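Chain R is already provided as a structure; the job is to place chain G on it using the hints.
Order-wise, the sequence lines are chains R and G. This note's numbering numbers the first residue of the first sequence as 1 and each following residue consecutively. This note's numbering numbers the first residue of the second sequence as 1 and each following residue consecutively.
No wet-lab data here; the hints were simulated from the structure. Model, not experiment: these values are computed from the prediction. A portion of the hints provided could be inaccurate.
Below, a sample of chain R positions facing chain G; criterion: calculated Cβ distance under 8 Å [what the hints assert, rightly or not]: (1) Leu103; (2) Ser136; (3) Glu139; (4) Ala143; (5) Val150; (6) Ala188; (7) Asp298; (8) Glu300; (9) Pro328; (10) Val329; (11) Asp381; (12) Ala383.
Note that the Cβ used here is the ideal one computed from N, Cα and C, for glycine as well.
Protein chains: 2
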Amino acid sequence: SPTHRDAKLKMTKAEIIARISEVVSFARACVDDVEFSPEDAIRTEHDFLQEAVAAAIEAGATTINIPDTVGYATPGEITSLFRMLTAKAPPHIVFSAHCHDDLGMAVANSLAAVLGGARQIECAINGIGERAGNCSLEEAVMALCVRRDVFGVTTGVDTTKLHPASQALSRITHSPVPRNKAIVGRNAFAHEAGIHQHGVLADKRTYEIMDAESVGVPSNMLVLGKHSGKHAVGARLKALGFDVSAQRVEDLFPDFKRLADTCREVTDADLVRLATGDARVDGRVGPWRMRRTELRVDWEDGTKPYARITMEHDNGERRTVSHEGEGPVDAAFAAVCAVTGVPGVISILDLHHIATEGVVRAEAIVEVEGELYSGKAREVDIADAAVAAFVAAINQAVSLRAANPRRIKMAAGA
Amino acid sequence: SPTHRDAKLKMTKAEIIARISEVVSFARACVDDVEFSPEDAIRTEHDFLQEAVAAAIEAGATTINIPDTVGYATPGEITSLFRMLTAKAPPHIVFSAHCHDDLGMAVANSLAAVLGGARQIECAINGIGERAGNCSLEEAVMALCVRRDVFGVTTGVDTTKLHPASQALSRITHSPVPRNKAIVGRNAFAHEAGIHQHGVLADKRTYEIMDAESVGVPSNMLVLGKHSGKHAVGARLKALGFDVSAQRVEDLFPDFKRLADTCREVTDADLVRLATGDARVDGRVGPWRMRRTELRVDWEDGTKPYARITMEHDNGERRTVSHEGEGPVDAAFAAVCAVTGVPGVISILDLHHIATEGVVRAEAIVEVEGELYSGKAREVDIADAAVAAFVAAINQAVSLRAANPRRIKMAAGA
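Bound conformation, chain R alone (with noise of 0.2 Å):
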C-alpha cells in the first residue's frame, strides 16, 4: 500500500517491481512453488497490485498469496479483487487469501475470496494470529462444508478432527477457547433459550446446521444440560463407569432435568450424585475424599512451600501426607498424589471464579503415566477448586484404570 511504500519500504513502485523479479526468480531458481505475497495488499492501488501480480508471475511465481495484512477488506471487495487478479492469470496460479480479524470479518473475507477464485486460504486453528487474529481455521472449514451449495468447494479436511486440534493449540498457548466460539466452543452447540429448546426437542435440524461429533467434540465434552435427553444421560453415566439399565436412566431423569433447569450445566460429579444417591459435597468419582488440608508458605525461613493432606478411602481407610512443591497448593497435588499412590501431573488447569453464583469453577487435566484423566469442580474457594478438581481427576484415574487398564487415552496434543 501507498503508507507501507513510503512509511516502511521507502521505495519507489518501479523499484518495488523490479526487486520483486529479482527476489521471486531467485526462489524460483531454488524451488518450484513460490509464494509471492505483497504485504497490506487490500489498500494497495489495484493497477499497481496487478502489476506487482504479473511481475511476480512473469519471474515465476506459482502461488499469489493476497494478504488483508490489517484486516479492513469487506468480503464484496475481496470478491472483486480477486475475480480481477484470477481473471489475468494464467490457470496453473493458485490464489490464496490472508485476512486478519481486525474488524471480525475474517472467515467471510477468506470465504470471499474463495467465491473470487482463491483456493488457499491461510488460517489458524482457534483464528489465532496478531493482533485479533487471523481467520479460523475451524470456522472456514465448516462453512465451505455445510454451504457447499454456495462455495462449490471441498477442503479435504477431516472435520471430526477440528475439536481436537483446537483443544491441543489451546492447551499449548494456554488460552482458553471461549465458550462461544463457533464450532469449537462449549457452548457452540448447546441451546438453552426456551424458544429453542422446543425446537430441538422437535427436529434438531430447527436449530443446528451441524453435528457436534462432526466437528470431534468427544461425547464427554458435550455440555448436559436440560436439553439434554435421556439417551446423552445414559451415555455418559456408562462411560463414567456405570453400569445402567434403560429403566434406571429413566428413573433418574426427573431428578437430572430438575438440576439442570437449576444450575444450566450438569457436571460429571453431578451426575455421579445422581446415580449413587450420594449426597456428599465433593462431588467425587472415585474411592478418595479429602478430609483435612494444610497449605504453608513462609517467604523468610527459606523453607519450601509444603502441605499436609488427610485422605480416606472409601474402605475406611485414612493416611495423612506432607509434602512439599513450588507452592502450597502445588505441594497439596503432591500429597494427594503420595496417599493416593498415583503419580499424576497437572496438564491443565483452568480456574473460573463465578462471581454471581460466589463459587470458583475449576477443571484439572492430569497426566498419569501418558494417559490424561480430567476433574471438574465447584467450590467457594480457589484452593478447594483446584483441589478438588485434582482429586477429581485422580479419582477418575483410579476407577478407569481399575476398571479398564487398556482404556484408550484421551485426546492429548493430538
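Same frame as chain R, now just chain G:
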C-alpha cells in the same frame, strides 16, 4: 423455514400468513412501532418470506427483522435478500438483521444487510448469545465507522464507550474477553511480530486502522511490550504514582526493552521494579509485603477454613492475623484486609495457568468502599498467585488512596 413450519409450528403457509396478520394487527393496536421477525427467515423460500413480510407490513408492522437464526447465511446471500425485500417495501419500513455466528460470519452478514438496505442491526456487546453468539456490537460499529466509505452510514454510537461496555459485560457475565477478540481484546491493539514492529515504529498507520483511544481502551489497559515507546512507559509510570522526569524515563528505557523482549508483556509490577530498582519478587506496588501464609481446611471437625498470615510494612512493622473464610484463600484475603486495615472485597479474580512457562498469572479486581483497584501477579502456584494479586490490589489501594483521596473511580459496570 420449511423445517420450522413442519417440525415446530405444525402450520401450513396459509395458516401462518393469517396468524401474522392477526397478531401484528393486534400489536399495532397497542403500540406504534411493531417489529415483525420471522424466525429462520434465511432458510425460508423467498416468495413465501416476501408474502409473510408483505402481510406483516399490511397489518401495520413498521420494523421488519430478518433473522439468520441458525447462523447459516453468507454475506452475498444476505445483501441480495435485503435488496429484494427493501425494494418492495414502503420507505418508512425499517429493515433489521439478526445474525448468529455459527459459521463465524455474524458481523460480515450484519454489515451485508446494511449494504442491502437494513438500518437496524441486532447485536450484542462481546457477541454474546445463544450457541456461538450473535453479531458483536463493537466489531459492527467499528467496521461501519472505519469503512464508512463502503457502508455510507453512521451509527450514533460513542465508540469510546465500547471498551468500558465490553469490560462491564465481561464482569457481569464472568466470561473473560478473549485476548484476540477484535476491538476489545487485550491483544487487539498489540503488535508483536517483528515485521510489524518495524512498520508501526515508522508510521503506525502501516498496521493500525483505528486507535485504541477511539474505542475507549484506558491507557493503563494497553499492553506494554516491545513496541511501546518512551511516552507510553512514562505515562504508565506517572499513572502508577511515580513522578519521573523525561531523563529518568530515558535511563530506564533500555532495561524496559530488555524486559519486554524476554517476557512480551511488561506488567505494572515489572515497571515498578524497574523504577524503584527493587529486585523483590513479589512485584508489589505499595507498602505491604507478605511474609508467611498458613492455610487450613478441615472437612471433619466442623471448623471453618482459616488462614493465618504475617505481613510486613515498609516501615518495618509486622502484623500477624488469623481469619476465617469460606475457604482457605478466601480466608487469606480477609486476613490481608485485617492486617492492612483496607476493607477489600474480591470483585473479579482471573487466573491463567501457563504450563509452558510454569507459571500462574493472576489478576484481581478488588473493591474497596466503592472504588476498584487491580493487582496482577505471576507465581508458580495458584494460591500464591491469587494472594499476591490480592495483596497487589490492596497495595494499590493504599498507595493511591494516600496519593489522591478523591481519585477518579475505575469504570465499574459503566
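How the hints compare with the structure:
no.	hint	result
1	Leu103	holds, 4 Å
2	Ser136	holds, 6 Å
3	Glu139	holds, 3 Å
4	Ala143	holds, 4 Å
5	Val150	holds, 5 Å
6	Ala188	holds, 5 Å
7	Asp298	holds, 5 Å
8	Glu300	holds, 6 Å
9	Pro328	holds, 5 Å
10	Val329	holds, 5 Å
11	Asp381	holds, 2 Å
12	Ala383	holds, 5 Å
In summary, the structure agrees with every hint in the numbered list given earlier.
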